[in-house]
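Q: Sequence:
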Amino acid sequence: MIPSWAKDAKIGNQCINAKAETVAEKPSFRSAFKKRRCLIVATGFYEWQVQGRTKHPMWIGLKNQHPFAFAGLWEHWTPAEGQPLETCTIITTEPNALMAPIHNRMPVILAPTSYDQWLDPAFQQIDSLKALLRPYPRDELTVYPVSTLVNNPRHDVPQCLEPVSV
DNA sequence: CCAGACGTTGTT
DNA sequence: GTCTGG
DNA sequence: CCAGACGTTGTT
DNA sequence: GTCTGG
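Position 144 of the first sequence, counted from 1, bears residue number 1271 in my numbering, the numbering being contiguous throughout.
No wet-lab data here; the hints were simulated from the structure. A portion of the hints provided could be inaccurate.
[Said to hold, decoys possible] The calculated label-pair distances, taken between Cβ atoms and stated as ranges, are:
id : residue 1 : residue 2 : range
1  : Thr1205   : His1230   : 31 to 37 Å
2  : Glu1267   : Glu1208   : 45 to 51 Å
3  : Gln1210   : Thr1149   : 26 to 32 Å
What you are looking at is a predicted structure, and each value in this text was computed from that prediction instead of being measured. We put the CB at the ideal spot given by N, CA and C, even for glycine.
Let the sequences and hints guide you as you build the complete structure.
A: Laid out in structure tokens, this is it:
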């Protein structure tokens, strides 16, 4: 995400995620956290589990395979020259018990019951909003290892989703 | 007052 | 845009 | 996150 | 090493 005040789009490189713990205070995020929240829809995400010298990609998603929504922020940015851009970022939090062995962070997944409040720019109760940014219940998530095929982003194919044995 | 930073991931 | 440091 | 680039001269 | 593109 590129903050609206950025002079250089490269500022966005350091806003690839926003930490739930600090998103309300950081100059790069607090304005969007207050007024420009969004949902980023997905059916799963990948994390790489480090084991010794190798990294195993893992797929994480809902047990029922339904789509879900990450808690996101968005910004409108106008460069000195060129077309304006709308960009976004995903908020992360500490891992739940399922994710902890894999990674030290996990993206915030919102419960459907909180979508309306999250999306309403008129709702600006910071503490209430922060309270929505919790690790998702472990019992509703599933994780399995996948092929290192997914390491190359050009491999946008169904095989990236297939379970492999470790 | 002006100048400069503003951040996360992973990795060290 | 807004805050911190000088 | 990972993969891949990172450059200049001259010629077409 | 660091940045860009996917």
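Q: Determine for every hint whether it applies to the structure shown.
A: Each hint, compared with the structure:
no., hint, result
1, Thr1205 - His1230: 31 to 37 Å, "holds (35 Å)"
2, Glu1267 - Glu1208: 45 to 51 Å, "holds (47 Å)"
3, Gln1210 - Thr1149: 26 to 32 Å, "holds (31 Å)"
When the structure is compared with the earlier hints, no violation turns up for any of them.
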